[in-house]
Amino acid sequence: MDYKKLVKGGLAALMALSMTACGNSGSSEGSGSSTEGGAGAIKLGASGPITGNAAVYGLAVQHAAEIAIEEVNALGGTQIEMNFQDDQADGEKAVSAYNALMDWGMQISLGTVTSGSGQAVAPNYAQDNIFAITPSGSSTAIIYRDATNNTDPYGVMFQMCFTDPNQGTASADYLKAHSELGSKIGIIYRSDDNYSTGIYNTFKAEADKLGLTIVDTETFVDSDTDYSVQVKKLADAGADIVFLPIYYQPASQILVEANKQGYTPKFFGCDGMDGILTLENFDTSLAEGLYMLTPFSADAEDEKTANFVKKYTDKYGEVPNQFAADAYDCIYAIKQAIDNAGITSDMSTDDITAAMIKEFTSMTFDGITGLSMTWSESGEVSKAPKAVIIENGVYVGVE
Amino acid sequence: MAFLSYLISGLGLGSVYAIIALGYSMVYGIAKMLNFAHGDIIMAGAFASFFAMTAAGMPLIAAAAIAMVLCTLLGVTIERLAYKPLRNASSLSVLITAIGVSYFLQNAAQLMFGSDTKIYPTVLNGSFSLFGGQLSVSYLSIVTILTCVVIMGALTLFINKTKTGKAMRACSEDKGAAVLMGINVNRIISITFAIGSGLAAVAAVLLCAAYPSVYPTLGSMPGIRAFTAAVFGGIGSIPGAFLGGLMLGVIETFAKAYISTQLSDAIVFAVLIIVLLIRPTGLLGKKVSVKV
Amino acid sequence: MKGLLNWLFGAKRRSRTISFMIVIVSYIVLSLMIASGSLSRLMISLLVPVCAYIVAALGLNLNVGISGELNLGQAGFMSIGAFTAVILSGIFSANGMNPVLILLICIIAGAVMASVIGWLISVPVLKLQGDYLAIVTLAFGQIIMSLVNNLYVGFDANGLHFAFVTNTLELAEGGKMLISGPMGATGVSTASTFTAGFILVLCALFVVYNLIDSRSGRAIMAARDNRIAAESVGISVSRTKTLAFVISSCLAGAAGALYALNYSSFVATKFEFNDSILLLVYVVLGGLSNMSGTIISTALLVILPEMLRFLQFYRMLIYAVVLIVIMLVSNNEWLKVKAEQLKKKLTGKRKGVQQS
Chain A
-5 MDYKKLVKGG LAALMALSMT ACGNSGSSEG SGSSTEGGAG AIKLGASGPI
45 TGNAAVYGLA VQHAAEIAIE EVNALGGTQI EMNFQDDQAD GEKAVSAYNA
95 LMDWGMQISL GTVTSGSGQA VAPNYAQDNI FAITPSGSST AIIYRDATNN
145 TDPYGVMFQM CFTDPNQGTA SADYLKAHSE LGSKIGIIYR SDDNYSTGIY
195 NTFKAEADKL GLTIVDTETF VDSDTDYSVQ VKKLADAGAD IVFLPIYYQP
245 ASQILVEANK QGYTPKFFGC DGMDGILTLE NFDTSLAEGL YMLTPFSADA
295 EDEKTANFVK KYTDKYGEVP NQFAADAYDC IYAIKQAIDN AGITSDMSTD
345 DITAAMIKEF TSMTFDGITG LSMTWSESGE VSKAPKAVII ENGVYVGVE
Chain B
7 MAFLSYLISG LGLGSVYAII ALGYSMVYGI AKMLNFAHGD IIMAGAFASF
57 FAMTAAGMPL IAAAAIAMVL CTLLGVTIER LAYKPLRNAS SLSVLITAIG
107 VSYFLQNAAQ LMFGSDTKIY PTVLNGSFSL FGGQLSVSYL SIVTILTCVV
157 IMGALTLFIN KTKTGKAMRA CSEDKGAAVL MGINVNRIIS ITFAIGSGLA
207 AVAAVLLCAA YPSVYPTLGS MPGIRAFTAA VFGGIGSIPG AFLGGLMLGV
257 IETFAKAYIS TQLSDAIVFA VLIIVLLIRP TGLLGKKVSV KV
Chain C
6 MKGLLNWLFG AKRRSRTISF MIVIVSYIVL SLMIASGSLS RLMISLLVPV
56 CAYIVAALGL NLNVGISGEL NLGQAGFMSI GAFTAVILSG IFSANGMNPV
106 LILLICIIAG AVMASVIGWL ISVPVLKLQG DYLAIVTLAF GQIIMSLVNN
156 LYVGFDANGL HFAFVTNTLE LAEGGKMLIS GPMGATGVST ASTFTAGFIL
206 VLCALFVVYN LIDSRSGRAI MAARDNRIAA ESVGISVSRT KTLAFVISSC
256 LAGAAGALYA LNYSSFVATK FEFNDSILLL VYVVLGGLSN MSGTIISTAL
306 LVILPEMLRF LQFYRMLIYA VVLIVIMLVS NNEWLKVKAE QLKKKLTGKR
356 KGVQQS
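Going line by line, the protein sequences match chains A, B and C.
Everything in the first sequence is counted per this note's numbering, starting at -5 for the first residue and increasing by one.
Everything in the second sequence is counted per this note's numbering, starting at 7 for the first residue and increasing by one.
Everything in the third sequence is counted per this note's numbering, starting at 6 for the first residue and increasing by one.
Just to be clear, a hint being listed does not mean it is correct.
[Stated by the list, open to error] Calculated Cβ distances over 10 Å to all of chain B for the following chain A residues:
no.: 1; residue: V215
no.: 2; residue: D344
no.: 3; residue: S376
[Claimed, not checked] Below, in silico cross-link-like pairs of lysine-lysine (DSSO-like), each with a Cα-Cα straight-line distance of 30 Å or less:
no.: 4; chain 1: C; residue 1: K348; chain 2: A; residue 2: K198
no.: 5; chain 1: A; residue 1: K377; chain 2: C; residue 2: K17
no.: 6; chain 1: B; residue 1: K181; chain 2: C; residue 2: K132
no.: 7; chain 1: B; residue 1: K292; chain 2: C; residue 2: K132
no.: 8; chain 1: C; residue 1: K341; chain 2: B; residue 2: K181
no.: 9; chain 1: C; residue 1: K181; chain 2: A; residue 2: K203
no.: 10; chain 1: C; residue 1: K181; chain 2: B; residue 2: K38
no.: 11; chain 1: C; residue 1: K343; chain 2: B; residue 2: K90
no.: 12; chain 1: B; residue 1: K90; chain 2: C; residue 2: K181
No lab work stands behind these hints: they were computed from the structure.
Because the structure is a prediction, the values reported are computed rather than measured.
All C-beta atoms, glycine included, are put in the ideal place defined by N, C-alpha and C.
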């Protein structure tokens, strides 16, 4: 018993030591990964999952943001220094990450990568009056205090991606306008996920309003590995178009399962579907004819996209997805606002935030996820969702 | 017909659970520990066979063999380094260590292989029709179920007929007496871990063949399900693990098909609770009466 | 004075006094550090969750250490407390009630709700033994999570509205969703403070120690050590075990309420199996039945991953290694013997000095 106490005492001493050690390093150089900027660099904070289940999204944002910041800093003008903290896609950890960033001296933020984390820290940003634009947190609860009626915006929170309701409505509208795709709609969504249920609920509401026929709705949860029941039930219900408001990993499993069962409806996804072609060892022929609404396509031939995709692929050995593209755009949008407003790192955060909000609500931004983007005062982005279809393993734009 | 088709896919899923549960149950029976890292051995097996097939271009059988060898080595190494020093510690200390090992394996896999999903190669696609095409059964489900039955039969024979098997039963019955009878308990425990981990590799290949995604936390949910299955059937009992696994798979599939996909998790656990209330030591578990 | 010291540090009350002292001294030191601005924001933001986890872990230790039943579903009870608190806080804050009062009501309500459900669950759970009991607590934890994840609660001028699985609620003008299924609780008005957490930890300690030192507490431990012997002297084992289980869930519920009102948003999957396991890790590392150990180990293990932030994506790997190493080292026979020898040497010397 006493021996255990000794061990614990030792452990406590060790912790105390590391605490002071971190305290010191925290104040001088930051304890997260910093992308160095030159003198007078503006301190940009960000948090997202880089360990755990959702790490793939956090790492995509971190990598893309680093590439963009390197480019921006190389231009010689505005210098940005980024500190990216791990939040494991967990609200509690996100608040810790936020406070670690504040200890570091964050002036502008990329917010959080995931919605759940974003909802938890949004009030902190509002309270401390720090400007944040999230690349991929698509829940309306990130920008609105009252997410029921989407009113009472925080004012400092902005989004680069579409909100979930926006995507649900747009998808239903698209299916209404293109009834040749199919008239009997089947849906599979993830019932324990914010993003997926968010899109589903508005899709359902809009579909009911437009008089679309939903023949069957199936769900799955994170822990599920078996999709055979869901696919079979859709097939039995005779759905000829299947709406998948889910991320590409489970979607790939559903495509495989449908192929196995010989079920060949049309599939329709949202921006979370982007990335399906880059899954390692995925038989892309299964995704032939898959429709999705996405603002980004890694195959686009414009110079900006090509440059970004090439750099990202060279550096990390994989093709960037939607998350990465949104993060890349965030950095350039931030740079544009900083340049326009003449923000410098010695300004107070209140002044920086006021200037950033003023710029974002008035400027127009051209990025790789859309042209002529604008932001409303509540922080919602306005850009056109593009419908694409996968043909011969690449995205092809459709009307 | 829909009923039969759900039943077969349920049995397929259940067979995978059963193979994992066999490993769980054996380790529990002999080392008296809940090896929470068992699911992560499955993950290791999945990655090993994935890379053997995609990077080295091996056929399925060779890849499965490699995965089995690697998992066996991994299992025995973990046992040596992390569990053996705790042989005389409380079972909770071992449990916590197993959880530490589980975290370690998941994070190490993420650092080594990245966190994005990889798609397992298609093995054994295709199906045959019964009842004039009304019911289609995939070859994979049949192979999975057969593999499970063969493994279960082989294990039963091994435990009952071989000398090592007898030694295992002796250890699970009474370790102290086993030592007195000249049984090398440490060796028996190592063998148990080796077999359990080898089975995990087989389960990994079958799991990924049916549900072809490979990622670092792949093992945790099947791990918990298999633990549930092992308890369901009576932990420590080999036929119990087999039966528990199959039933769990079927219940899960039926719950999804006929009640609700949202609540299938809750339903599976509710059934488990009811079964345990009726049979407090699982379906085939032994009643342990404490002597005064 | 000497009498008081004897009373405080006598064999009977020693561990109790030490636990209370640890908590009170830490509170004073930390408060001073906050006042003088020498504590980082990160550390300050961890204080309330640490208090919540300590309370839940103390409850779990009552269950696992004192009563000897492995409970793998403690996070489920935190979840009940947390979501009860969210609903009540949504109602009361709409009426503009004082946050301190809201917090108090929510903690009490969370504790009561978790106790009631804990009592209901204990009926089937305590019929089982050992690992069968453990798996059933795990099952209940998962069921609670799954149910809450499908729960929709809204509040408007007409009162509370509930929906299950699909959101069918149509709220009147000015209505507000309190819990929206997988989106979790949003827009919670935060009310928890470090002081409230500190008081709650004190209350939890008070409850736990009074139970241990009471007649029921001794009965619980007797039942743990030898069920048959305990029954033979007339102890109702199932009654005593139920008592420990209910108090444990009560503390978890209170902890959940404190936790909930510290964050403006959280989801049901926050309280899943892995979090139950983490609480168990805190308890085992701190030592079974050792309350001050639980407090220290909980605080350290919640803070540890935050302190490892500089390691970036290696941090969870290192955390796992630390966990394994602590378990191996603290159970190492050879080191144990050495430590005993060292201790004997030291205490032997001290005795020698006293004698001379």
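Hints violated by the structure (listed by number, smallest first): 1, 4, 5, 10 and 12
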